[in-house]
Amino acid sequence: MSATGTCEYQPKDYKSDLKPIWCPGCGDFSVVQGIYRALAAIGRPPHEIAFVSGIGCSSRIPGYTTAYGFNSVHGRALPIAQGIKLANPDLLVLAAGGDGDGFSIGGGHIAHLIRRNMDITYIVMDNQIYGLTKGQLSPTSQKGRTTCTSRYGSLEEPVNPLLYVLAYGAGFVAQASPTDLVGMAAVIEEAIRYPGFAFVNIQSPCVTYGEEEHQIKGLKAISESLAGLGHNPADRLAAMDLAQHYGHKMHLGVFYRNPEPPPTYGDLVKERQTLLSKDALPKERILDLFIKK
Amino acid sequence: MRKDLVFGMAGSGGDGIVSAGDSLLQAAAAEGYHGVMTKSFGSQIRGGESSCRVRISTTPILNPGGNLDVAVALNWEDFLKFGAELPVSGNTVVIYEAATGIPENQIPLVGVTPLQVIAVPIAAMAKETAGTERAKNTVVLGLIAGWFGIGAVAVMKGIRKKLAKKGEELVNANQRAFDAGRAFAMEHPLKTSMNVAVSDTKGAVKLITDGNDMCAAAAIFAGCQFFGGYPITPSTEIMQFFTDHVWKYGGAVLQAEDEIAGIGAAVGASFAGKKSMTATSGPGLSLKSEMMGLASIAELPLVIVDVQRGGPSTGLPTKTEQSDLFAAAFSAHGDVIRPVLAPTSVADTFRITIEAFNIAEYYQTPVIVLSDQEIASRKETLDPIDTTQFKIINRVQPVGADLLDYKRFKQTENHISPISHPGMLGGTYLASGIEHVESGAPTNSGSVHQRMNDKRTKKFDPLKDRKDLFEVTGNPHAPIAMVAWGSVAGVCREALDMALAEGLNVKLLVPYLLYPVAEGVYNDFFASVQKGLIIDQTHLAQTFKLLRMHVDLPKGVKPLARSGANPFLPSDIVAALHNLLSELQRSHEGNLQPQE
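Chains as they are written, first to last, in my numbering: chain A, 1 to 293; chain B, 1 to 596.
The following block holds chain B by itself, in its conformation from the complex (with noise of 0.2 Å):
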């Protein structure tokens, strides 16, 4: 019995691929299991290629997995677009359309043997039996709840519910779909069996969400009553979250004429004292940088999500990318700090949303939550979050004598100063972009825009002794190291796991913040380490170079980058450490030889 599975499935768009893999996802969640999905689409409104991959284990899932177990594919010329984000090896069983008329012994594969190749008459089967080729889908189900023993019972009771409205015909076709499916697997078993085993937690509460629905869920539970935006793929479902929701805790949403109209009203919004936020992609940040740059030095808090894609320009714009790091640490004009935090997975979301609301708040700074195209559209089953675990920060406000000679950038010993808001009685003030006095008067004068520079970058020293976001795992005293934040620290999380299987002595360090950057936290981290990788998912080491900026890095730390919709299997660090491994004998070995 296997404790894990990684699906692939690709297909042209009205295929019902992804729909497959949401139900897959969701059959395998009333099972118990532990799942994620990611999609992948070409930029194609309707039609074009679309494909997802589900991972299905029985314990908890860091990443969507490397290599597929599973290859489907209903068509090759859809299939192979994806190149690397659906990997075929020596151990995957690949399934496809026999109506291609493609031998089995002729995929067009290369470089590859896969375990079993199998052809099914998969529309045959569906038009057969539905009446419909738009059943295809429904028999992959069934093929796979028959070779894999993932939900037999659960997905038609799934297909059953969301099908329940449009009639028992429809639902009886799917059954039939499904069954036919099912019948073909096992009159065909697989040459090696790859049932998964039964999960532990068969039965327990499991809840299904992706990393944009989480952050807007996030940002209402961290008391967020503005989001004003702009639609950009993949960050847009955040603003619809907040379009079906945040009216219910009587906040508002604008659908702004644009990226710098969205964000303008979040800073309004902020300004008149609501918690705030606005959501993007790369072109999006672009624009909205020039706000940022206001928002930091009226000292607004506000929260910006921007979701990366490739890029420049209009780039990859339906693939993930981590090439936004710089723009986000460095966006606006100016000399000034803007934190910049990263979540790694759809459930560490949810507290890194919460905690950019706080930084906001708490600084009274823009903040910007760097996530990423597979962290906010693909889907993790989680156990339920204890939320009352989390703390709420609510900006400071002028009380009593404060508001007798209000100064709304009084210098404090923290460099915070209480914030007013309209409405306030005593607390006005002129909130601008012109440097200003204490008062908020405009002022041009050099030693005091040194001094308010002073307090608007000191005022965050503290954020960097915060050492509950980073998180190092491994041997603490380990020589070899790795660095990685995003979505590609769960593949390296998952290369740290198999890597300390192989017996090799290795640690990772993972920063949810990554800007400012944490000299001291990573010196404590570098102390042991003679070679390491600084892994991102970027064409210019942006993480290497932004840690090189403020960091004495050892000599044997490299980066290891590449560009978006290339992502690294757990396999790939586990080869390059190994490397480091060997470099670091020879070196060893070269100290030995007797010196001239």
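In isolation and in its complexed conformation, chain A is listed as follows (with noise of 0.2 Å):
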């Protein structure tokens, strides 16, 4: 690692030329702000980051940035990330993506990451919609809501995000959203700070597609500050609590963080390395294994 101070990279450092292909007003835009700010801020050097994504609009987030991008296939960012960091641990690892892609189509992976805690940041771009599709249904979708797949409205309850994944028992929690883009850059700098798996859900508006009260101005109305509240982030069962209100308040900021972080896989996968390294056979002789005298 080559940096120590903050001054060393600037958010430009990590803005790449490749030009969004989101609609114009997206909220993503104000995301991939809020990543590049939070990359200077702790100044990894780009070549040391690793950032991957699944299939959606928010996906194409990677390649927005000078980091190593892995824009892979719906709903698996996070076996790739994981499997990146296993053989690199050194790498600071991100994975984004969109509600679909964390929670429908790859709805099964989150859970599991989580209890291996290894020290990945998630962000979920989260817009309850289909966007690059053209307007479907999500898991994020409020009950009743109309869409071209859903024109009598839906069947089905929303998922909830935050309360899964505090379920699940991430060590850290938190949500942010385009109406406070400072905000939104410090918790996506404490997220990738924390060691060990970390969660940043991002209320990001779908100009296109996403209704009129998520857009900016509906999201403002509903917004409050955690700390404004006055919530204690290591009390985790109040935290739940207030994950509750997803889908009616925003709550913005850090939801939990875990004031005794446990070791992460990559500390316990270095330790069993270093255990069992002299145990090594050469591995010109590894079929020695197979000797039976």
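Treat the hints with care, since some could be wrong.
[Claimed, not checked] DMTMM-like cross-link-like pairs, simulated, lysine to aspartate or glutamate; straight-line CA separation at most 20 Å:
1) 270(A) to 244(B)
2) 283(A) to 244(B)
3) 391(B) to 284(A)
4) 292(A) to 438(B)
5) 249(A) to 189(A)
6) 467(B) to 383(B)
7) 19(A) to 438(B)
8) 249(A) to 213(A)
9) 407(B) to 17(A)
10) 292(A) to 383(B)
Quick caveat, the hints were computed from the structure, so don't treat them as lab data.
Grab the two chains, each in its own frame, and use the hints to assemble them into the complex.
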């Protein structure tokens, strides 16, 4: 690692030359800005960062950074991110995607990443809609919502990403929104600095298929700062209580930060590798394992 | 004296039949014999039927053998469930449990009169000598030592070692059971002696292992540092080996939440610069296929082992088949080539797995190793392998000037672009499943798509010239030919020897590289051929069809295919070759008739 201070890198050092495909006014523009700022504050050089996503509008995001990016397949950012982290624990590994990517097609992965507690930061750009495929119901769409696949209204309750990850046991859970870019950058930075799995849900409005109340103006109206409420982020049960209001209120800031972070999966792997390395036969003699005397 | 004996034993799950087979194989190895052992089970977790075949020989063994020389039935119900897997002929000595109450002239084998049938009070002898029927398998080992001269000393030496921790009394009980079996054999000599000759290599070091362990060991030897997978029969032992050993080499293993996450993590580890692999069986291969498409377009090295079993779906999960050939060759969506390699034995699983990593690394591609249940779970005795003869290839990385204006997917003369990995200064790029220009930036351009498809296809051209991935044996200009791969190849190698010994003019092609199809190799091979058999254990004759897609096969070349769990015997193949010869002779006679 070459950076020790916060001055060495500027947000623009993390911005690539690729022009985003997002619609003008899309919330994801703010998210990528928040990520540039957070990365500059942390100061890791771009080539030491691996940024993985799945498929969807928001999953284009790694390409808009100067990090090593991997825009993979729908729903599978987290398994790929874990393979990267296990192969090279020194990398800063970020994963990002939409609510459909993370909580529908790839919904089975997050529970397992959380119980493994790998040091990966996962940013979900939650817009309650499938934008790239032009406006179908998503797992976070409100019940009753009409879309092109729910002309008579959705019959399903939405998932609650915050409550899910808290219940799975995530060590760091936060929410942010483009209504407060400074706060968003701060939360992302804190998530990355947390030694273990960290989850940031970002309410990122879809200007093309999103509903009126999910646009910036509507979000502002229901926003509330967790710090302002006097919430203690070390209190997991209080965090779960507040998280129940997902979809009705928008609490911004850190819901939960484990005050005593347990060892990460990477720490445990390193320990095991060190412990067992003395038992290694030279590779050219590995077949000696099969000798029967 | 015989040079070769094939034992087949069956009982119910708790009878310890497979453990007896293991002891017999180890004893045979200690006595310098070559040996192969295959296991076959019902799909019950505990209990149910279980069986093994052990073939012992003074010369190297190509397959688990044909009809049994010795059949051991601890009960007939379980024995009969294995059908063609344990074939009894007129040359078989049948030994069975007397407590079944079935007279020797009424054993339930239809249409066959064995060489000799002997009822032995196996359970009673176990109870009497060891105090428990659980020693039945040791009595059987004693019978085998007495009648066939294998393991008289080595079996008990092995058992002694295995049970040393469990106390002297248990060892002594087993010794008594073993001695009782041996004494019974001595008191009831066979009508025709079937002793095996003493091996010339008695005392030489032998390895014993199965295909799955060999595959995992080869992967670690090749430099694999990451395994991501999910348990599935019959491939799980590969992951188990990694969990035991890969940490020692600074690597890691992830037992993932599902098949997709398993291969996903392996793709991630490869992107991060490490050699990585996953292993699965048919249904898992289907689940992994989207990720294989991703690895192909992102040009990431990756080895995927598919240990085939009967399919589709759960099919016959504990039995061997070769029916994933199409799935392997054409697994993912889109236009792309993924090399498919197949080992034919435990021994060559070492070389083929290393080749898979070398090809994956060199060509920056996923490679499928198409193993099968028989190879994966059969144990072979092996002479020590000189591992230093195997060359290891690593992916070409960008250096110096490459990194000044790095283009991950740069067009090059051989269509292979130096590949960077996170952590490498100057090498940052976007890997993606989206079509991309040379830098990695996404594109929708038809012309770029055409160019990149060309790149991703043409890079494999040299692979088709790898003659060392094909084995041709027999008479090079023979008019009669066979093609076989995987575990079936071993049967055909023995059939070839038998047919040549009978004077047939025949040859055999064994491809280790199944896909891309090396048209040139087949065209050369078939140039002299008028009649031939494409042999595989599939219902649809998949190998024949795959070859016909790419090669103009001579008209007289036909498939010989059957579903899994119906193993080919060398004698079946030889009979089929004789039929081809008669057809050939008839057609020649026909040609001599005056034409109207």
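Hint-by-hint comparison with the structure:
1. This hinted pair checks out: residue 270(A) and residue 244(B) have alpha carbons roughly 15 Å apart, not beyond 20 Å.
2. In summary, the hint linking residue 283(A) to residue 244(B) is supported, as the alpha carbons are separated by about 15 Å, within the 20 Å threshold.
3. Taking the CA atoms of residue 391(B) and residue 284(A), the gap is about 11 Å. The hint holds against a cut of 20 Å.
4. Pair hint residue 292(A) plus residue 438(B) does not hold up; C-alpha atoms about 52 Å apart against a cutoff of 20 Å.
5. Taking the CA atoms of residue 249(A) and residue 189(A), the gap is about 24 Å. The hint is violated against a cut of 20 Å.
6. The hinted pair formed by residue 467(B) and residue 383(B) fails the criterion: a straight-line CA distance of about 25 Å is larger than 20 Å.
7. For the hint pairing residue 19(A) with residue 438(B), the CA-to-CA distance comes to about 17 Å; that is within 20 Å, so the pair holds.
8. For a cut-off of 20 Å, the pair hint linking residue 249(A) to residue 213(A) stands: about 12 Å separates their Cα positions.
9. Under the criterion of a C-alpha separation no larger than 20 Å, the hint pairing residue 407(B) with residue 17(A) is consistent with the structure, at around 14 Å.
10. For the hint pairing residue 292(A) with residue 383(B), the CA-to-CA distance comes to about 11 Å; that is within 20 Å, so the pair holds.
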